[in-house]
Amino acid sequence: MTQLLRLDGLNRAFGERQALKDVTFDVAPGRLTGFVGANGAGKTTTMRIILGVLAADSGTVTWGGAPLTRADRRRFGYMPEERGLYPKMTIREQLTYFGRLHGLDAGAVARNITSLLDRLGIGERADEQLEKLSLGNQQRAQIAAALVHQPQLLVLDEPFSGLDPIAVDTVVAVLREQTARGVPVLFSSHQLDVVERLCDDLVIIGDGAILTAGRRDELRAAYALPRYEIRVDGDAGWLRDQPGVTMIDLDGPRAVFDLDTGVEEQSVLRAALNRGPVRAFTPVAPTLAEIFREVAR
Amino acid sequence: MTTFDTVRLVAAREIRVKLRDKTFLWSTAIFLLIVVASTVLPGFLGGGASSVATAPGPAATALADAGLDVRTVPDDAAAERLVRDGDVDAAVVAGPRVLAMDDAPSDVVNALSAQPPVELLDPNAVDQTLAFLVPYAFAFVFFITSLTFGLQIAQSVTEEKQTRVVEILVATIPVRALLAGKVIGGAVLAFGQIALITAVGIVGARLGGAPDNVLSLLGPAIGWFIPFFIVGFVMLAALWAAVGALVNRQEDIAGPSMPIQLAMMLPFVAVIALQDNPVAIKLLSYLPVSSPTAMPARLFAGEAAGWEPLLSLAILALTAAAMVFVGARIYEGSLLRTNGRTKMATAWRDREAARLAS
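Residue numbers (the numbering used here), protein chains in the order written: chain A, 1 to 297; chain B, 298 to 655.
Simulated from the structure, these hints should not be mistaken for laboratory data.
Note that the Cβ used here is the ideal one computed from N, Cα and C, for glycine as well.
Please note that a few of the clues may not be correct.
Stated by the list, open to error - Derived DSBU-like pairs: lysine-lysine, alpha-carbon spacing no greater than 35 Å straight-line:
hint, chain 1, residue 1, chain 2, residue 2
1, A, Lys132, B, Lys319
2, B, Lys315, A, Lys88
3, B, Lys640, A, Lys21
4, B, Lys315, B, Lys640
5, A, Lys88, B, Lys579
6, B, Lys319, B, Lys579
7, B, Lys319, A, Lys21
8, A, Lys88, A, Lys21
9, B, Lys315, A, Lys132
Claimed, not checked - To give an idea of the chain A side of the interface with chain B (calculated C-beta under 7 Å), a few residues:
hint, residue
10, Leu51
11, Val53
12, Leu85
13, Gly103
14, Trp238
15, Pro277
16, Phe281
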């Protein structure tokens with residue numbers, strides 16, 4: 001049964017350094033939650049606390065409203081930041097081992113492995129030793145190790161680093177299958193463009209504190225500036241003299257501008273139409289990178 | 298799934314991986330060959346009756362009755378020539394005198410002499426050679442096995458740190474189950490190897506013509522050696538696992554393992570060097586590092602009272618429990634420290650595992 005994972009008021013210090021400060025957010029069933037932050041912001045520490053590898057100084061992690069137990073965690077899937085499997089074992093052997101450790105019986109593990117490896121595109125490599133595989137295929141095997149027991153929650157630390165674009169798409173498709181089953185998925189990434197394309201929810205952490213968290217679209221709307229892009233025939237330089245317009249970028253017929261509060265974008269559009277044809281006029285939504293820079297400031 | 302199931306899965310993986318390791322298989326095979334060679338071959342090589350040349354007469358009859366290979370020659374000169382040519386081991390000429398090249402042929406001499414009857418008053422007393430060899434064998438088996446399999450446990454722990462697979466394991470199963478599985482897997486392998494070597498040794502000794510009473514004499518000593526070995530091995534294995542957890546690369550195991558290697562080496566040397574000193578051996582048979590070797594040796598020599606192995610085993614078991622506690626705490630405190638070598642004190646003070654358990 002999949003549930004809501006809730007982190008509530010987590011604190012953790014390493015010696016003098018406060019690594020987590022009152023970290024609170026949810027990972028909802030059936031949604032991909034992107035976890036973004038600079039190096040050392042506390043992503044890995046948070047994930048390790050969820051998985052029970054580290055203890056929190058205070059705060060709770062609950063699963064469906066009840067405190068997490070070891071039995072719950074055994075049904076979670078985890079891909080740590082520092083990758084690693086047994087180099088001398090074949091993929092099938094180690095996946096069988098991990099599946100059994102997660103509590104599955106041998107038959108169920110065998111079935112899961114075959115279908116999982118096929119979907120990840122390394123089905124024909126199943127009986128090769130891990131060290132004989134390319135790095136990209138080792139990475140796929142690592143993802144398989146997190147998924148082999150059909151986990152009820154997935155926590156993936158930088159799952160896309162080291163993958164080529166095709167492998168990223170494969171992994172995204174596999175993760176989408178998991179969310180379609182209702183599994184909550186939490187993943188961290190430095191590749192903000194991937195997170196932007198992929199995540200349903202977003203959590204931004206900076207210096208151990210949650211800077212913002214919520215649905216991706218709502219965050220984009222919340223952090224949206226009154227910014228527009230226009231393309232006309234001829235030069236768009238006249239916009240500089242329009243009242244309430246601050247030019248951000250001008251490139252011949254294309255211009256990006258911000259509007260002062262209280263200035264209607266329709267009036268700018270009308271002014272542009274009076275001068276000639278308007279080929280494009282759109283509000284500019286902030287990219288994840290922009291939101292990230294904004295909140296991390 | 299119970300903790301027991303988890304421990305079993307971990308131990309099974311350790312064993313399966315090892316049984317496919319070519320180095321391990323070859324070293325076991327070579328070990329077995331040495332055992333076969335040292336038990337079976339002496340019987341075949343050393344045995345066989347001497348061949349003897351002699352002229353016809355009463356001596357020829359006596360030699361043939363003693364089962365020797367008799368070559369009848371016309372005269373003493375011909376007999377001597379056969380000896381000089383190396384065609385026979387010895388010759389019996391008039392006198393009677395026995396001729397041989399460089400080694401007095403005792404079976405020929407015995408066949409020609411009258412022997413007084415011999416009555417053994419203590420037929421089961423331990424043969425001098427055996428009395429020397431048995432403590433040596435116990436010490437050797439315990440030392441070599443704990444060293445090889447202890448080192449393998451440490452390497453297996455370090456491998457999981459080195460390859461970073463450890464974080465997935467710790468996120469999935471209790472750290473103590475992982476440790477227990479490794480120690481048990483190592484113990485099963487060590488015990489299996491010893492059982493195999495012992496079985497081959499016994500069969501080899503039979504084929505090689507060892508006296509029957511050797512086995513019945515050795516039986517009780519081996520019977521005691523088994524529990525001593527198991528408890529002693531577990532004690533050392535927990536420490537080896539801790540050593541493996543302190544380092545990040547298999548090349549670095551040598552450094553932190555020095556103290557435990559010494560703790561194994563010194564009793565090994567002491568038991569052999571001091572075996573003629575009853576007081577020292579008695580002391581060694583109670584010291585937990587040397588009792589697995591010294592107590593069975595004393596039992597074999599018939600020098601220990603019935604209650605002594607029980608007391609010694611109890612001391613060993615208590616020490617082992619303490620060492621397993623220490624080893625487990627260091628293992629837990631260092632397993633996830635993947636940045637460089639962990640100091641023993643740092644590992645000891647790390648209470649993360651205790652906090653997670655509470």
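field: Interface hint status, Phe281 of chain A versus chain B (Cβ within 7 Å)
entry: For Phe281 of chain A, the interface hint is violated, since the closest Cβ of chain B sits about 51 Å away, which is over 7 Å.
message: What's the verdict on Lys315 of chain B and Lys88 of chain A, does the C-alpha distance respect the 35 Å limit or exceed it?
response: It holds: about 11 Å lies between the C-alpha atoms, which stays within 35 Å.
task: Let me know if the C-beta of Val53 of chain A comes in closer than 7 Å to any C-beta of chain B, holds or violated.
output: holds (5 Å)
message: Please verify whether Lys88 of chain A and Lys21 of chain A have alpha carbons no more than 35 Å apart.
response: violated (41 Å)
35 Å Cα cutoff - pair Lys132 of chain A, Lys319 of chain B: Holds, at about 18 Å.
- prompt: Is the hinted pair Lys319 of chain B and Lys579 of chain B satisfied, with a Cα-Cα distance of at most 35 Å?
  reply: Outside the cut-off at roughly 41 Å; violated.
- prompt: Is the hinted pair Lys315 of chain B and Lys640 of chain B satisfied, with a Cα-Cα distance of at most 35 Å?
  reply: holds (29 Å)
task: So, Trp238 of chain A near chain B? Judge it on the closest CB pair being under 7 Å.
output: With Cβ-Cβ at 60 Å, over 7 Å, it is violated.
- request: With chain B as the partner, please determine if Leu51 of chain A meets the hint condition of a C-beta pair closer than 7 Å.
  value: This interface hint holds because 4 Å falls under the 7 Å limit.
query: Between Lys640 of chain B and Lys21 of chain A, is the straight-line Cα distance small enough, at 35 Å or below?
result: holds (29 Å)
message: Between the alpha carbons of Lys319 of chain B and Lys21 of chain A, is the straight-line distance 35 Å or under?
response: violated (51 Å)
Pro277 of chain A as an interface hint toward chain B, with CB separation required under 7 Å: Violated - the Cβ of Pro277 of chain A stays beyond 7 Å from chain B, reaching only about 60 Å at its closest.
This entry does not satisfy hints 5, 6, 7, 8, 14, 15, 16, going by the numbered hints stated previously.
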